[in-house]
Structures are given as structure tokens and as C-alpha cells.
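Participant: Put the two chains together into one complex; each comes in its own frame, and the hints tell you how they fit.
Chains as they are written, first to last, in the working numbering: chain D, 1 to 163; chain C, 1 to 426.
No lab work stands behind these hints: they were computed from the structure.
Yeah, the Cβ is synthetic: ideal placement off N, Cα and C, and Gly gets one too.
Keep in mind that the hints are not guaranteed to be accurate.
[To be verified] Pulled from the structure, derived: some chain C residues nowhere near chain D, Cβ distances all over 12 Å:
1. 17
2. 24
3. 171
4. 271
[To be verified] To spell it out: a stretch of chain D is covered by chain C in this simulated footprint if at least three of its residues, at any positions, have a beta carbon under 8 Å from a beta carbon of chain C; those stretches are:
5. 58-64
6. 84-92
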Amino acid sequence: MKFKGYAHTFGNDVNTDEILPARYLHTIDPQELASHCMEDADPHFVKKVKPGDMIVAGDNFGCGSSREHAPFAIKASGVSCVIAASFARIFYRNAINIGLPILVSKEAASDVKSGDALEIDTQKGLIKNITKKRDYISDVYPEFIQNIIKADGLMNYIRKKKK
Amino acid sequence: MGYTITEKILMAHAGRKSIKSGEFVNVKVDFCLGNDITAPFAIQEFEKLGLKKVFDETRIALIPDHFTPAKDLKSANQAKSLAVFAEKYHIQHYWEVGRMGVEHALLPQMGLVKPGDLVIGADSHTCTYGALGAFSCGVGSTDLAAAFATGECWLRVPETIKFVYNGTMNKWVGGKDLILHTIGAIGVSGAQYKAMEFTGPVIKTLPMDDRFSMCNMAIEAGGKNGIIEADAEAVKYVKKAFAKYNPQRKNIKVYTSDKDAVYSKVIEYDVTKLEPMVAMPHLPSNVKEAHKIKDVKVDQVVIGSCTNGRLSDLRIAAKILKNNRVKPWVRLIVIPATQEIYQEAVREGLANIFVHAGGIFSTPSCGPCLGGHLGILAEGERALATTNRNFVGRMGHPKSEVYLSNAAVAAATAVKGKICHPEDVV
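The shape of chain C in the complex, shown without the other chains (with noise of 0.2 Å):
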């Protein structure tokens, strides 16, 4: 019997010679990390053991990147715990606002996360990084100081659903419609507890930014991780970041998945017809095609997220807005997830083009994703954004809407006011 990368990676930093899913093991983590809102509940538990040394200084991130540039004082606080904290136990990888960027963005930037590695976050949306062809996936802010202690974590071996895309995908149509599609399909609980194998010719040329997308939205499933096996093109993008950041790291190990593995299920699509997607609220299940939405005007639209702030999310939103104007009722919010990305869009001349089609330009941080700053919604307010959730007052106000799509949706929205399909625009 073959298994799956997931069980390969989790039966490699278990130290075991076989798994079968559903059983419990203790792995050993190659990294973990934590940010200004779940970290500080990890550092108080890690405090309580007192003990003298993190488990390796070197394998540890913290990122104060959801409430930063600090909103109040009570976030200024909590910010602050992760400076002292990386201080005082010489934690290798802290970053300050201005170097900061949204985690799951900026890690596999830098180069701290490859192929075949097992990572832990105390954040959802940490199964991003199956893009690389490494098991990660989101735990709580306990898990977390036992991970500064032990550099261990107790994980149950899921099962893994494969999905395998077929066909061509349409212009405008990118990595977030294909998982959209895929949430709509199987629902918010559709891949509860289980590993979501992202598979077909479709994903062989999907880019590296657009896998990030789908790995990234695996949990919006009830996923425990999302992954794609490490093809040349990831690989490349791997070898790239060690060479800018981390010319130190050489070593990659690639997994793949056995010709017998077994699956709980495979599920095809045939992509071809496959239109922009939109995720009404408060669902990201709730999906229909953008072209069919008509008259849903919006207050504010947000480019950015760990789902889709990348560089080819904002030339694809720039490549929209270049001599139009947003509408004078909309709000456009664009967020590049790094200062590295932000740099490129200064470069390009993409900043200049959200200015001056009347949007803002902002400094990296989740702020707005998760209501928690640089646009919150107002009672009664609507919003589209290239963000991965929905629910009820996710944005801000409980009596507020949030809405769903890919970067080129989103661009048109803010030109038109309401949303609509790119090609309403271009």
C-alpha cells in the first residue's frame, strides 16, 4: 500500500517506517510561528514552564502583523510582547513594521519554509504553505508554546481527499475561482479534518502566487492542510528565495504522492467553463459566478490578504484600474502582503496607478480581513474583497456584508461601483 505526501511528510518527522489516518503521532515541526494576536497567549504558557532556551531559536517566527501598524494601545501592548519576548529568548525571525508582512506571504518569501517540511501556525490560514509541497497547518496558541518547548506537536494523520483539475482555465479566472469553486462544491465542512491533494494538468501550470491562493483557503473546507506536490516551478521559487534570504539552505527534499496511495475520495473538475467566482454572504461556500450578480453595489473594496495581496494580484487589479477612476461611493483599500511586494509595486508604477485612480495604498497588514483595522464596515455596509472569509461580521459591523473573489473581480468592482465581471470594465 502506497501513501500519500501527507502521510509520507507526517510518517518522516514522526520517525515511523509506516501510518495509517486516524492514528495519533507526535512529529517533530521544522518551523512555527505565531502572530501579535495568537502569539501573546503562547508566550504567557511558555512563560509558565520556566524554562531558559526555546527549542531552536532559529525555527521560530513572530509576526506582528495583524494589528500593526498598532491600532490602540491595547494591540501596541501585544505587538510590543512579541519584541520582548523574540528578545530576550534571541528568536532569529521578528520582524518590525516597515521589514513586516502578512505571514503566510512573507515566509515562504524569505525562504524559512520547503518542500517537504512540517509547520505549525497559530493561524488558520498557515496551511498556505502546501504550495511548496510541505505539510503545514493552523493549531491553537497552546500548541504553540509546547512547539517554543518541545519543538513537538501531537497531530492526528488525516485522510487525504485528491482533486484533480482538468480542462483549460478562461482568462481572468485564476487559483482563487478554482478554490472557490471547490469550497461551493463540497461545502464549509466538506474536507473537515482531512488533507486536501490539489492535482491535474490544470495545477501543473498553475503559477506559484495562485497556488498559494488554494492551499491557502483549504481551512474555509474544514481542511487540515491543503497541498500540491513540488513541481519544477516550485522548486524554482524555493531555490530563488534561499538565494535572496537564506543562501545558507540548500537542502530540498521532495515528496510525492505513490501511484497506489489511498484516498477517501477523488473528485474531478473539468475547469473549462469555469467563470470568476464570487462568495456571497456569509459563506465562502456560498459561491455563484461574478457575470451573474447584478446590482450589488459596494461600499469598499480591498485588494491584499494572505489569500491574494501577491504581486500578481495587484498587475492584475492595476492592469484594470490604469486610466479609470473608482467610483465616488467606493472606498478601495489595496494591501500588498510584503514590503517586498509593496517595493515591486512602487517599482512597477502599480502604487501610482491605485492612487490615482482614487484607492489607497497601505503598508502590509491583515487590518482589514478580520475587521480589525484600515477598514472596518459600518452597520448596513457592504464590501467586496480578495480576502478568505465571509461570516457574519467578519469586516466589522454584525449587520455588514463581505463578498469574495480573485484581484481582477474586485478591481472591476471598485470601477464600477457594484460588482460585476472584469470584462464589464476592460
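If we strip away everything but chain D, and leave its shape as in the complex, we get (with noise of 0.2 Å):
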């Protein structure tokens, strides 16, 4: 898959409570959820971001709880990639689960700052920076992994391999 958008940057540790509070959890509706998404880190966020855009963090991003209200209010926000220097590992599970793609790259999340212009090619691991003139590459997702993105996702993976 091939994105083009604007980062927003965060920090380390971002977790699941300030990606979508708690308060918010009494619904799966993806349109209320991605009205709250990135609330308690950054309120303007909703305002600000636009379709295809990326979010771009340090360590850990996605530690706390597992609520998959988080990972699914990121996709419905319009958001077409986390970039993170690391992620949680039940954050990381959830978004390869339900088909949100995210890359692992340490260059990325200490250069990238928030407004640069990126280009990300998911399949080759590419992250460029047009804004900085700058290519940073992913790590490459195990052909485990891989697997289920290709079927879009858990529940279209399994549903494959019960045919």
C-alpha cells in the first residue's frame, strides 16, 4: 500500500487512555470513536488532521490497555499509518488484527517532525520525507505477519483457512 500525507508527531508512551479515553468506550461506532481519537494527547488533533495523513511517535506508542476502540478510532480518523520507534505489543497485535498499517522505524520517529510531507510504501518499508528530502526504511514484518495483512486482517485470514 501506498499513502501520501502530513505527520503529526507524539512522543514516547503514548497510551491507549490518551489515544481514546475510557469515557468514550460505551460505543464501537467508528464515527464517534475517531471524533474523540488522540483526545487526551492532543485535543486539536480531530481538527487537524486530514485523510492519508500519518501519526509519527517514539517508544512504546499504544502501551495500556487493550482496547481495540484505539487502534479502530486512528483508521476512522482518516489516519493512513503510525509510524512508531516501537509499539506495545497488544497496540501492535490489535492494528495488524484489524488492518491498520503500522511501521517500525526508529530514524523515522526521532527525524520526522510534525507538518513534513511523507510518501510510505508499506510493501517495500520505504518512509520518504519530500519535506526533508530524506528516506528512512521500516523494519520488515515477519512472513507470519505478513500473512495476515495480506488477507486484510484476522477475521478474513481465518475465514480463508476455514474454506
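Facilitator: Listed below in C-alpha cells is the structure:
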């Protein structure tokens, strides 16, 4: 998959309470969840984010609760991809399972500034910073994970296996 | 080359004769669970598959514990979806308010987890059951939906960090302090993707409630699971639960780590001088000794949750609160983790002590821990809680603060009106 958009940067240990506060967990409606995306990390995020934009963060992105509402809200808000130096493990598997593209790149995490224009090729793991005229390479997914991504998420992967 | 407990349990459930850390495996799950926040998503995804049956009606638990008793209409609808699903698919383990408890206290109590089991739950604190020598970890709702359908889950085999606790523990220090000290030392991503194996002479004499507190917070260091080798104490706990709630269950298989097992790291602590710990806002790793915290006034004290809402927590809190009054500006909220604990607290007179001291004694719920209900913080308010997380906005307003501690520090703080050491009150 290829995406083009602008970066919105965040620091280390961005937790799921900041991504989608528990006060909104009484619903699973995508649009309602999207309207509160990143609210306690940046209350203006929803107003700023445009379809295709990327979240770029430091270490341990998505730490805390197992709520799938967090990656779900990010996906529903139009964010094309999350790039981080590292991801907390439950967030990582949730993103893979629901088909939200995520890339691990320490280089991009430390170099990209908010507002930088990025071009991403998830297949190649290539992150192009158009603003800074620099390229970053992301870690390659293990084959097992690639198969889930290719199937477009875990439930489709299971559907195929069950047939 | 030997294996750790975690590797042995994963190997057995993946049907493999050997296993390596970093490998991806499909494992059979012994038990899976979801709550009123995570299960609705899983139910929606499972229903889309159009299957007539779940993989096993006896190996699924649905627990409406987060926003219940329902705090508003939307929460009521979510909780109802669990009841409807449980009836439609004959799910054996569903409890209504009045029998329900906080999931990670409830399942061990009901004898639904035993040593050697592999449990996944759509709740990050599923790692609690490691206290029984089981492998358990939090997953997402889609994982739960997949487990409903297949009884399987994909996992990456984690490396294990071995933690060895030496020395003797001071009075007022418990499992919560051991784990807060550990998270403080290694950080909130110090065990990212790793198994945390807790061992050593201190763990061998640690009561079960304290072991649950420790494994419960493995996730706060980024850990995949926390695990403690099941010893006579753990087996006794499980057998008692079987006898009471699950008399047909008898077989227990205990896994132990091999002497030549490979660990990514071995970390030793001497806990002899360890003091009651408090995690300051806004990370569980931001720890400080309770007696070093001066003039931090609190508006609310919460004693409860899957971390510290067990009987021993209520007993120690009651000991401190007996013949004392909560300061006028403090709201003390005591929430026993399960109905059984609630009943025992009433029988022993603990509930009476809390109410006499000027606190409230609530029905089991996760409520305030995640800023759900039963004690939301207003802008600028501050709480000390025996819960597990103190992230920005965790208990309410993004500009409120949460401090974490054991139940003794929490009870003493309610009496003093500011964070203190239990001995400042007793």
C-alpha cells in the first residue's frame, strides 16, 4: 500500500487512555470513536488531521489497555499509517488484526517533525520525507504477520483458513 | 538447552517438541474472556463469520464488570449484548451484577484457571493469572473473536526476564510494592514483548493475593505475561477453588523452568530495605517511597480493582481505618473485587469499619480505575488508588492526577488527607 500525507508527531509512551479515553468506550461506532481520536494527547488532533495523514511517535506507542477502540479510532479518523520507534505489544497485534498499517522505524521517529510531508510504501517498508528530502527504511514484517496483512486482517485470514 | 515455564506452556499448546523465542506459533487456548467494553467488538466480528457454534461453550467467560451496574444507556446496551450472546451461544460463564466480580479476581476464585493453562483475554490485565503458574496475556477484541471461532490464537514466543527477589520484606510492604519497585527500575517498556518470571525466596513466601498483584502489573512494564512457578501454596489455592465451584475439575499440571533455561536477563533485588512505594503521575514507573512524599493532599482514595481489591487488601485497610475517620475533604471509595470478597468483608465486619470511617463500600466494579464511573475526578483533582495505571486522564479529567499504592498506604492517606506512610496513622 502507498500513502501520501502529513506527519503529526507525538512523544514516547503514548498510551491508549490518551489515544481513546475510557469515557468514550461505551460505543463501538467508528465515527463516534474517530471524533475523540488522540483527544487526551492533543485535543485539537481531530480538527487538524486530514485523510491520509500519518502519526509518528517515539517508543512504546499504544501502551496500556487492550482496547481495540484505540487503533480503530485512529483508522476511522482517516490516518493512513502509524510510524513509531516501537509499539506496545497489544496495540501492535490489534493494528495488524484490524488492518491498520503500522511501521517500526527509529530513524523516522526521531527525524520527522510535525507537518513534514511523507510518502509511504508499506510493501517496501520505505518512508520518504518529501519536506526534508530524506528516506527511512522500516523494519520488515515477519512472514507470519505478512500473511495476516495480505488477507486484510485476522478475521479474513481465518475465513480463508476455514474454507 | 532447557526451557522456561512460559516456553514450556506455549510449546505444549502449540503441539511442538521444540520452540524458540521470536517464533510465531498458533496455540490452543484453554480459556478466553472478554468484558463489557471489549466483548461487544468481538461479538460483532464473530457474528459476521456466520458460525452456529463457538469453539467450546465451557471455555469462554463474558464478564460485565467495567461500566456496571450500567452507568448510562449506552453502557447498558453494551452489557446487554454480552447477556444476549451468552444465551444465544450457551456460554457457560456469564455472571449478572450481584454475582459478577472484577474479571481477574473472579476467574481464579471460580477455579477457571489452573497451573499450566493458556489463557487469553481481551483485557490487558489478563496477565494476572501468571500467579497460578499459567500463561496468560491480554489480546484485542479481534483476537477474542478469532478464539471464539477457532479456539486458537497467534502468539510470538517471548524471551523471558527472570526477576529474583532476595531478603526479607518489611511490615507494610507487599506484592504491590515489589512490582512498583520493579517497574520503577526497568521502566514502562522495560519488559516490552517479554515474559516476566518472578522468583526467589521472597516470592516463595508471598501470599497468593500479593502474587496476583505482581503478575497483574507485568503489562505496566510492557510485559507479555507475568509468571510465578506454581508451588504448594498456588496448588492449594486452585484445589480450594475447584472444591468450591468446580468439583469436576481435578487435574493440575505444574510446569517449572529448567535449570539451564535461557533468560534474556536475570535481575536480582534485595528487598530488605524496600519501603511502601507510590507511583506518581503520570506513569506507573514514576515511583517514590511513600514516606518521602510530603504535602500531597488528595481528594479521593480508591481501594479496589483487579490489582488490590482482594480480601487481604480490605483487611489491612480496615485495620488502619478502625477507630479512625476519613478527612472531611476526602472521598474514600472501597470496592471489593468480587461478590465473595464482598460477602466475606461484610461477615468479618470490614464493610462496617469502612462506612463508620466515612467511606463508601460499593458493589464489585472496575468503575473508577479507568475513569468509567463510581468516582470520576474533576479538573485539578487528585486521587490515590490501589489500581494499576496513572496515565493522563486515567480516572477522569485530563488535568486530574492519580497516584498508585498498596492498600495500607491508601487507607492511611484517607485518614491523613494527604499521602503518607501507614505508620503515620497507626
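Participant: Now tell me, hint by hint, if it's right for this structure.
Facilitator: Hints versus structure:
{"no.": "1", "hint": "17", "in the structure": "19 Å, holds"}
{"no.": "2", "hint": "24", "in the structure": "4 Å, violated"}
{"no.": "3", "hint": "171", "in the structure": "32 Å, holds"}
{"no.": "4", "hint": "271", "in the structure": "26 Å, holds"}
{"no.": "5", "hint": "58-64", "in the structure": "holds (count 4)"}
{"no.": "6", "hint": "84-92", "in the structure": "holds (count 4)"}
In summary, the one numbered hint that this structure violates is 2.
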